[in-house]
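Student: Using the sequences provided together with the hints, build the complete structure.
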Amino acid sequence: MSFVASRLRGNHACGFRPSAVGGFTRSSLALLVAACCSTPVVMAAESEDTITVDATANGSMLPEQDYAVPVTRAGTKMALTPRDIPQSVSVITQQRMQDQDLQTIGDVLSNTTGISANNIDSDRSTYFSRGFFINNYLYDDIPTTVDEVWNFGDAAGDTAIYQRIEVVRGANGLMTGSGNPSAAINMVRKHADSRELTGNLSASYGRWNKQRYVGDVSTPLNADGSVRGRAVAGYQDGDGWLDRYGNRKKFLYTVLDADLTDSTKLSLGWEYQQSHTSNPTWGGLPTWYSDGSRTHYDRSFNPAPDWAYSDKESNKIFADLTQRFDNGWQARVNATHAKTTFDSKLMYASGYPDKITGDGVMAYGGWNKGTRKLDSLDAYASGPFELFGRQHELVAGGSYSKQNNYYFNSQSMLSTADVGNYNNWDGNVTQGSWSPWVVYADDTLRQKSFYGAVRFSLADPLSLIVGARYTDWRANGTTATSSKDAVTPYAGLIYDINDTYSAYISYTEIFQPQTVRDANRNYLDPTTGKNYEAGIKGDWHNSRLTASLSVFRTEQDNLGVSTGAYIPGTAEMAYESISGTVSRGVEFEVNGALTDNWQMTFGASRFVAEDKDGEAVNPFMPRTTLKLFSSYRVPALQALTIGGGVNWQNHTWRDDAGPAGASRPEQGSYALVNLLARYQVNQQFSLQANVNNLLDKEYYDYLGSYAVYGAPRSVSVTANYQF
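When you read off a place in the sequence shown, starting at 1, and then add 30, the result is the number in the working numbering.
Keep in mind that a hint or two might mislead.
As the list claims (entries may be wrong) - With a straight-line cut-off of 16 Å between C-alpha atoms, the simulated EDC-like cross-links for lysine to aspartate or glutamate are:
no., residue 1, residue 2
1, 478, 502
2, 240, 267
3, 369, 328
4, 280, 341
5, 295, 223
6, 280, 343
7, 399, 321
8, 514, 502
9, 560, 526
10, 399, 473
11, 385, 405
12, 385, 328
13, 399, 373
14, 220, 170
15, 514, 555
16, 369, 321
17, 560, 641
18, 432, 473
19, 642, 587
20, 478, 448
21, 432, 405
22, 295, 254
23, 727, 328
24, 642, 686
25, 432, 456
26, 295, 356
27, 220, 246
28, 403, 472
29, 478, 405
30, 280, 292
31, 240, 273
32, 399, 343
33, 432, 502
34, 560, 587
35, 432, 472
36, 280, 246
37, 369, 472
38, 560, 585
39, 385, 321
Simulated from the structure, these hints should not be mistaken for laboratory data.
Tutor: Spelled out as structure tokens, the structure:
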């Protein structure tokens, strides 16, 4: 069953015209917004004025060539255009991931509007939006809470198994239970939608001997194609810009999609990912010499010992049952079981080496193992209903999740004599004597939720989305016993200015249980607060091109921030709660098809986050970022696609203690330039080249008590065969 979405119009009154191209060259952001919102670009083919949206749409069968999607369930679980969602939403499609060669979830987030990476060392990355840590990762709408302390490799998950990745910035407590005001990241898996044998095979080779092979095949499993299967498999192996560093990973994803009846669909799937890293770092390079001057090691300097390694393994199985009804309603049940493990033996170097002798660096080893198990069930129903002569939409459901986190570790100490002359460091060092294994944490987090939202069509130009989620959150284990419950309300008002533009305002509350601890090893109380957002959105040509401009304000109490010191006797960073935190800012994004040959995404973000005393919160995150990427198929040579982009961020800093006392190391603003070229040899075979950090910019991904360099220039070439 389908319904006509009032927002999805051809927008013929503001047709795509060639004169618009020049509008995007203006330097002023305000003028750029105006240009994007008032002068769309020509399309080679016109489409109908109204398109029909399947009420069960999940995006898996949407056009593959665009950077934008016309319909998404991000934020509300209602099938809406991006313009109908009263929040900032970015959708990164499979085509864009291919063009930019975004191979991991972390790659995607680093290139998403309003999101910044905090690359703690060679294998650990955390991500922030609007000044706050992102801990809400969802897989087909099933949330997983990501911890800052332990590294299960979530951000290193391979994108080959996902159809697209959806990012909702701001508090999203309606769908995730906990309303973290940063962002929620939803990975939408691929499905077996093809009723004939299709697929693609790719092989790539790049700098540092990186080789990668991926196969993606879909096929019908019976005569009428009502039962279909899809498998995605990959293998990757290579070195890195760090001496002695190596990484190997493999992954396999299989899914079975069956049309049990004309209105009932069952999906069963299994996802497996495994990685091994040799000589990974823990922390980075000393920031200062003992005399207080700054160090400047070569980018290839690897502070890891030869015995360091990190192994990770992830298994996920899922089942999804969808039932459609003749009245436009649908019911969906989604269940997931996931088990993720890690085993890492690492060394953290500490101290200030003498500039001449290299003496003065000690180290301690950490041998850490952990298991995270997650069982989740989500069930909801959604569909249209009529009231007072108008059609509205309702979604209501409930979810249950049980997540067990089990960690144990052993430690060793290495003296300055063991480490020796750090100027001549080559990784050849003793492991020391490992302490007995200690259970660090064995905690179980349970969350029960009931949620509902209604989209009221108040008038032809005006709609109201109101909803709430009740969450019962409980933690039991060796480190904490706690229970909290809260109702998280949500409201958004959307006004259609005309067929092209909409204005919106939204409000939601924040309820975020915390998994970090203070210096006394006590978990911090949940973060609470409010999130306000207002903006204007536009779309053209049935949402093939979208634009948005938003302003936001977030108020938080009990926000956990790092003290910069470790919990005594552990390698865990201590946190403290601060209240009166306010983050406010503006975001802009234009995304999609400027013409049939030209795809572009451009995003800009600016925010200020301060505590009640006016001190910056998380100043190691850039306050201003600009991200641009574009691809262009040359009209005179349709087989050739060229493109490129640039990511720019302003300066960052941390307040840390150096050898001369309090210090503030700063990373200045910088830009990274990337290039793309692809040649379609024939209908099936293509060659693609990508260049990252074209200008070989030297910069720090992390700069504080230690320093971590960002990646130097790299080039990769990919051969792709489709059938």
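Student: All hints are to be evaluated individually against the structure, with a verdict given for each.
Tutor: We went through each hint and held it up to the structure:
1. 478 - 502: Measuring from Cα to Cα gives roughly 5 Å; hence the hint holds.
2. 240 - 267: Holds - the C-alpha atoms of residue 267 and residue 240 are around 6 Å apart, at most 16 Å.
3. 369 - 328: This hinted pair is violated, its Cα atoms lying about 39 Å apart.
4. 280 - 341: Holds, at about 12 Å.
5. 295 - 223: holds, 11 Å
6. 280 - 343: Answer holds: residue 280 to residue 343 is near 10 Å, not above 16 Å.
7. 399 - 321: violated, 38 Å
8. 514 - 502: holds, 6 Å
9. 560 - 526: Distance ~26 Å between residue 560 and residue 526 Cα, so the pair is violated.
10. 399 - 473: Given that 16 Å is the threshold and the Cα spacing comes to 15 Å, the pair holds.
11. 385 - 405: violated, 52 Å
12. 385 - 328: The given pair, whose Cα atoms are some 15 Å apart, holds under the 16 Å limit.
13. 399 - 373: Cα-Cα ~4 Å, so holds.
14. 220 - 170: Given pair residue 220, residue 170 holds - Cα atoms ~10 Å apart, limit 16 Å.
15. 514 - 555: holds, 10 Å
16. 369 - 321: violated, 48 Å
17. 560 - 641: With Cα atoms ~15 Å apart, residue 560 and residue 641 stay inside 16 Å; holds.
18. 432 - 473: holds, 10 Å
19. 642 - 587: Judged against 16 Å, a Cα distance of about 10 Å means the pair holds.
20. 478 - 448: Outside the cut-off at roughly 51 Å; violated.
21. 432 - 405: holds, 5 Å
22. 295 - 254: holds, 15 Å
23. 727 - 328: holds, 13 Å
24. 642 - 686: violated, 21 Å
25. 432 - 456: Violated, at about 44 Å.
26. 295 - 356: holds, 15 Å
27. 220 - 246: holds, 10 Å
28. 403 - 472: holds, 11 Å
29. 478 - 405: Roughly 12 Å between the alpha carbons, so the hint for residue 478 and residue 405 holds.
30. 280 - 292: With Cα atoms ~37 Å apart, residue 280 and residue 292 exceed 16 Å; violated.
31. 240 - 273: With Cα atoms ~14 Å apart, residue 240 and residue 273 stay inside 16 Å; holds.
32. 399 - 343: holds, 12 Å
33. 432 - 502: holds, 12 Å
34. 560 - 587: holds, 9 Å
35. 432 - 472: Since the Cα atoms of residue 432 and residue 472 sit roughly 13 Å apart, the hinted pair holds (cutoff 16 Å).
36. 280 - 246: Given that 16 Å is the threshold and the Cα spacing comes to 14 Å, the pair holds.
37. 369 - 472: Since the Cα atoms of residue 369 and residue 472 sit roughly 15 Å apart, the hinted pair holds (cutoff 16 Å).
38. 560 - 585: Holds - the C-alpha atoms of residue 585 and residue 560 are around 5 Å apart, at most 16 Å.
39. 385 - 321: Satisfied, since the Cα-Cα distance of roughly 8 Å is no more than 16 Å.
Consistency with the previously given hints fails for numbers 3, 7, 9, 11, 16, 20, 24, 25 and 30, ordered from lowest to highest.
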